[in-house]
Amino acid sequence: MQILSTLLLVVAVANAVPTPKLGLTVGKLIARADDRLEIARAEKAEEAEPANKLDLQSQFDTPTELQGGNIQQDTTFPPGAVGVLEIEFSNADGRTLTVKENKTPAAPPAGFTALEPSSYQVQLSGGSADGLTLSKVDFIRNANSTVDISQGQIGRLCTETNTFVIDPAVGELEFEAEENELTLTVANMNAEWGIFLPDAAAAAPAAGATDGAATGGATGGATSTGNTLLDLLMSLLTRGSTA
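Mind the numbering: the sequence shown is residues -16 to -1, 1 to 227 in mature numbering (1 follows the signal peptide of the UniProt record, and there is no 0), read in order.
These are computed hints drawn from the structure, not numbers from a lab.
Computed from a predicted structure; not experimentally measured.
We put the CB at the ideal spot given by N, CA and C, even for glycine.
Any given hint might turn out to be false.
[Stated by the list, open to error] Calculated pairs, EDC-like style, for lysine to aspartate or glutamate (alpha carbon to alpha carbon, straight line, at most 16 Å): (1) Lys37 / Glu70; (2) Lys84 / Glu70; (3) Lys87 / Asp45; (4) Lys87 / Glu176; (5) Lys37 / Glu72; (6) Lys84 / Glu176; (7) Lys37 / Asp58; (8) Lys84 / Glu100; (9) Lys37 / Glu49; (10) Lys84 / Asp45; (11) Lys87 / Glu100.
[What the hints assert, rightly or not] Label-pair restraints from in silico Cβ distances: (12) Lys37 / Ser109: 20 to 28 Å; (13) Ala153 / Thr130: 29 to 37 Å; (14) Ala94 / Lys37: 36 to 44 Å; (15) Pro152 / Ala91: 20 to 28 Å; (16) Ala76 / Asp39: 17 to 25 Å; (17) Gly78 / Glu156: 18 to 26 Å; (18) Phe44 / Ala171: 20 to 28 Å; (19) Glu144 / Ala35: 39 to 47 Å; (20) Ala153 / Ala127: 30 to 38 Å.
Please work from the sequences and hints to get the whole structure.
Here is the structure:
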């Protein structure tokens, strides 16, 4: 009964607001609420970390002992101008991880701009870097950065040509929007890695920088009302999904 009352209230408020000002139909509001609910569920699932996962912090040029037992260990390093390097490791046998910061790296690949002025030389010792249970090179955007890294790439240095290679053969790249994180699954992390952005993306304004100016002013009241209705629907859907 409470859910039905909430839905009726949403419909009544929507009908009371002039359509041109509201700019949203009830159907669109429900669709948007569904989208937000799915995002919330995905974020909750993402936050549910495995019980055998460790978050470690290390420094450049400092060996870090990684445990065996297939315990996932995510090791982060001091932040750069835009973001933080993270190494994900899991394996039956432990290894020693050392990362060196190269402040004079090779030039970016053609058509790309370096997101960081440094590159990162990753070295696993104490055993092979091949065939690990988990082997990832990640880049997480700093919380105070406004750079859009969603189109970013992680390149591997070819030592024979002294050039960074960006190619699917290097590894499987994903962008995790919730964490603002680039994550590259690799067969062997022992290499020098650079973080890059396509020139076109680097020249574009930060996400959201112009949205406010384009949609502000006269539409402010409608946006506020739409968001209020959306919050009501989110409350309704959340209660319904947990009932």
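A quick look at each hint next to the structure:
{"no.": "1", "hint": "Lys37 / Glu70", "in the structure": "holds, 14 Å"}
{"no.": "2", "hint": "Lys84 / Glu70", "in the structure": "holds, 13 Å"}
{"no.": "3", "hint": "Lys87 / Asp45", "in the structure": "holds, 13 Å"}
{"no.": "4", "hint": "Lys87 / Glu176", "in the structure": "holds, 12 Å"}
{"no.": "5", "hint": "Lys37 / Glu72", "in the structure": "holds, 10 Å"}
{"no.": "6", "hint": "Lys84 / Glu176", "in the structure": "holds, 9 Å"}
{"no.": "7", "hint": "Lys37 / Asp58", "in the structure": "holds, 8 Å"}
{"no.": "8", "hint": "Lys84 / Glu100", "in the structure": "holds, 14 Å"}
{"no.": "9", "hint": "Lys37 / Glu49", "in the structure": "holds, 15 Å"}
{"no.": "10", "hint": "Lys84 / Asp45", "in the structure": "holds, 5 Å"}
{"no.": "11", "hint": "Lys87 / Glu100", "in the structure": "holds, 9 Å"}
{"no.": "12", "hint": "Lys37 / Ser109: 20 to 28 Å", "in the structure": "holds, 23 Å"}
{"no.": "13", "hint": "Ala153 / Thr130: 29 to 37 Å", "in the structure": "holds, 32 Å"}
{"no.": "14", "hint": "Ala94 / Lys37: 36 to 44 Å", "in the structure": "holds, 38 Å"}
{"no.": "15", "hint": "Pro152 / Ala91: 20 to 28 Å", "in the structure": "holds, 22 Å"}
{"no.": "16", "hint": "Ala76 / Asp39: 17 to 25 Å", "in the structure": "holds, 21 Å"}
{"no.": "17", "hint": "Gly78 / Glu156: 18 to 26 Å", "in the structure": "holds, 25 Å"}
{"no.": "18", "hint": "Phe44 / Ala171: 20 to 28 Å", "in the structure": "holds, 24 Å"}
{"no.": "19", "hint": "Glu144 / Ala35: 39 to 47 Å", "in the structure": "holds, 43 Å"}
{"no.": "20", "hint": "Ala153 / Ala127: 30 to 38 Å", "in the structure": "holds, 33 Å"}
The structure fails none of the hints (numbered hints given earlier).
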